[in-house]
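Residue numbers (the UniProt record's numbering), protein chains in the order written: chain A, 1 to 547; chain B, 1 to 222.
Since the hints were derived computationally from the structure, they do not count as laboratory data.
You may find that some hints are simply not true.
Some chain A residues well away from chain B (every beta-carbon gap over 12 Å; in silico) [to be verified]:
| id | residue |
| --- | --- |
| 1 | Thr22 |
| 2 | Phe118 |
| 3 | Gly131 |
| 4 | Thr188 |
| 5 | Leu223 |
| 6 | Lys237 |
| 7 | Tyr259 |
| 8 | Gly316 |
| 9 | Gly440 |
| 10 | Gly503 |
| 11 | Thr528 |
| 12 | Val531 |
Part of the chain B face toward chain A, derived, beta carbon under 8 Å [claimed, not checked]:
| id | residue |
| --- | --- |
| 13 | Gly45 |
| 14 | Asp141 |
| 15 | His144 |
| 16 | Arg146 |
| 17 | Phe153 |
Cβ atoms here follow ideal geometry from the backbone N, Cα and C, with glycine treated the same way.
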Amino acid sequence: MTTATVTGKPEEPVVATKNYLTEGGVTLRSWLLTRDHKRIAILYTLSITFFFFVGGAAATLIRLNLVTPPGIFTPDIYNRLFTLHGVIMVWFFLIPSIPNTMGNFLIPLMIGAKDLAFPRLNLLSWYLYVGAGFLALFAILIGGVDTGWTFYTPFSSLYSNGYVVLALAAVLAVGFSSILTGLNFIVTTHRMRAPGMTWYRLPVFVWSNYATSVIMVLATPVLAITLILVAAERLLKVGIFDPALGGDPLLFQHLFWFYSHPAVYIMILPGFGVISEIVPCFARKPLFGYKFVVWSSIAISVIGFFVWAHHMFVAGISLYAGLVFSLLSYVIAVPSAIKVFNWTATLHKGWISFDAPMLYALGFIGLFTIGGLTGLFVANLAFDVHVTDTYFVVAHFHYIMVGGMVSAYFGGLHYWWPKVTGRLYPEWWARIAALLIFFGFNLTFFPQFILGYLGMERRYYSYPPEFQAWNIFSSAGASVLAVGYALPFFYLGWSLFRGKRAGANPWAATGLEWQTPSPPPTHNFDRTPTVTRPPYQYRPEPEPQDV
Amino acid sequence: MSDAAPASQSAPQPEPQYATVEQQAEAASFGMWVFLATEVLFFGGMLLAYTWLRANHPDGVAEAGRHTTVVIGSVNTLVLLTSSFTMAWAVHAAEHGRQKALTRLLSATALLGLLFLGLKGYEYHGEWTEHLVPGLNFHQDGPHARTIELFYFLYFLLTGLHGIHVTIGIVLIALLAVRARRGAFSARYYTPVEVTGLYWHFVDIVWIFLYPLIYLVGRSGP
Ligand SMILES: [Cu+2]
Chain A
1 MTTATVTGKP EEPVVATKNY LTEGGVTLRS WLLTRDHKRI AILYTLSITF FFFVGGAAAT
61 LIRLNLVTPP GIFTPDIYNR LFTLHGVIMV WFFLIPSIPN TMGNFLIPLM IGAKDLAFPR
121 LNLLSWYLYV GAGFLALFAI LIGGVDTGWT FYTPFSSLYS NGYVVLALAA VLAVGFSSIL
181 TGLNFIVTTH RMRAPGMTWY RLPVFVWSNY ATSVIMVLAT PVLAITLILV AAERLLKVGI
241 FDPALGGDPL LFQHLFWFYS HPAVYIMILP GFGVISEIVP CFARKPLFGY KFVVWSSIAI
301 SVIGFFVWAH HMFVAGISLY AGLVFSLLSY VIAVPSAIKV FNWTATLHKG WISFDAPMLY
361 ALGFIGLFTI GGLTGLFVAN LAFDVHVTDT YFVVAHFHYI MVGGMVSAYF GGLHYWWPKV
421 TGRLYPEWWA RIAALLIFFG FNLTFFPQFI LGYLGMERRY YSYPPEFQAW NIFSSAGASV
481 LAVGYALPFF YLGWSLFRGK RAGANPWAAT GLEWQTPSPP PTHNFDRTPT VTRPPYQYRP
541 EPEPQDV
Chain B
1 MSDAAPASQS APQPEPQYAT VEQQAEAASF GMWVFLATEV LFFGGMLLAY TWLRANHPDG
61 VAEAGRHTTV VIGSVNTLVL LTSSFTMAWA VHAAEHGRQK ALTRLLSATA LLGLLFLGLK
121 GYEYHGEWTE HLVPGLNFHQ DGPHARTIEL FYFLYFLLTG LHGIHVTIGI VLIALLAVRA
181 RRGAFSARYY TPVEVTGLYW HFVDIVWIFL YPLIYLVGRS GP
């Protein structure tokens, strides 16, 4: 038995005729009123895919505009485009991306539960997300917002002529959706684990989502109240952020980044979880230093609350505050580095196969490392003064968010695709897409490090001619990236109908989610499993599961 | 999979995702604690704004504080504290399966909540007539007019959001009272009473913080 972590349940790689896709009806109504975490995960996947393409379309137009300065759009349209890109990608794709799709689908399966603790709350969370999404789209269609995703005051509260209040309401609603998800995950992880599933037997994916949920629950309410304050200031012309009204714009920045820096970890911790599942499986080795990986996630979610003012080094905070926040920003790099070292050590002497999930995981490790190391650059006070609000910062966080999180998202999507759909995806096409995304990404964003270092400011519709060559590289890379992101849409869609049947465990992976048929039955397990072993009991043999 | 058979016919089966009624009860009360953690941070953001205002404009905040109606604020504090007492008593009654007492105590709690809202509304009315409502009806003179405006802006935001919480609490407790009257709860099953009780005490604690910040500031010392 190389794969089973469960006793008393023989593994049967058969096609389940009764599964969550067929049980309970196939009507639209049965989907829109479902309480099954797996169906809600599918609803989320469809909706965030839609918003990924909306945000991606805006990015395409931005890169198109920057090929030939002064570009094809008016400055005002350009402002609305990058705001749209930021708002949609942050709150409607990255924040919910892995937790609400894979987290929703997998956490109950991984801990041996029948569902999340609060299924109705889970569905409500999706409706809030969708409602918020429509509100955001409505704000875009009737004219858009030009504040940037950060809504800085007093511009957003006094001067902007966009539909700021609508956008604030949309973000507020999606924030509540995120709080409900976090609450649900925390309670589920504490209270719904199967017999024998101790904390140290939890897969790192569950730990990562747990750490993420803590941030969602504790940081998002601060964003909510901040947005309410901005909206009130804008509507009533009374407020505490606008200096003309007696307020202080720095207070806004403190409150905003108190959420938005931890939110960066909402946008990367679940990615760590996915990579920690993929790497051991495709290296056929137990995860190196499991407890270190687990506790570094927790450390990140705690320390992440105490570094926010590194976004404000040039905003007028005191030098001492700057020193402290700079130091703490260095400190938080330690747990992130621990993870990278542990994944690398897991690869060491592993029996590595380069299937698509692994290609994404390896890409993640490289790109996240570059993103993390350049994070140390901008955590440095003196260097940050030089590159603040330049493309260096844009490149840095895209290496984390896109090179890291989006790679992890696609890696996880391929890894669990057979479990979710019961079908295998076409491996060759998947590898092509993974490689296109990797090279397209680097071609898009590496030139932006150079541009930023040379002094090109972000958020301008035009730039001096000496920056054009690097911008053309970047836009060319974006085209490659776009093809890479579009490809899975087609071959995964194809595989839904024509893909080979997957069986319960096509990767010979450990973990409870692979011990139940693909697609899983509505209540996940025929009998509640009992867990007797730690996770990641991989052996360095390539052959599939047998006794 | 409910192997633990309920003791009385009024004890419901657990929902399908839970193995036992106990597990369901634990999840519900833990969920409420997590929700309250969210709420703490929600009010925390506003309290930070208040702290900023008071640190930067201490005299203006003191003067603004003297505009508040301390009598109503104090009576309301008493009303809410009493309602927390009746709520705690209600949970105790539920624990011992005393249905009649439970119904009465829940009703008393809801009524005290309504009294709080009534007094608060009366206070808002007074502030309207004194032109202390920022953005809609605000006229003050003197060097601290702007600070007083910001103080009252935060005052209406804090007490308004607190009032919404009180309203939700009253609705929940009233529904519980109706269910208790129909005998929905027993010594074996009273999770909703316990969880709603947690919420109500939290709403009370928020007010305990708001009371000195709003009504007592500016009224002490020389
Ligand atoms: Cu940050």
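Against the structure, the hints come out as follows:
no. : hint   : result
1   : Thr22  : holds (18 Å)
2   : Phe118 : violated (6 Å)
3   : Gly131 : holds (19 Å)
4   : Thr188 : violated (8 Å)
5   : Leu223 : violated (8 Å)
6   : Lys237 : violated (6 Å)
7   : Tyr259 : violated (9 Å)
8   : Gly316 : holds (14 Å)
9   : Gly440 : holds (39 Å)
10  : Gly503 : holds (27 Å)
11  : Thr528 : violated (7 Å)
12  : Val531 : holds (15 Å)
13  : Gly45  : holds (4 Å)
14  : Asp141 : violated (15 Å)
15  : His144 : violated (10 Å)
16  : Arg146 : holds (4 Å)
17  : Phe153 : holds (5 Å)
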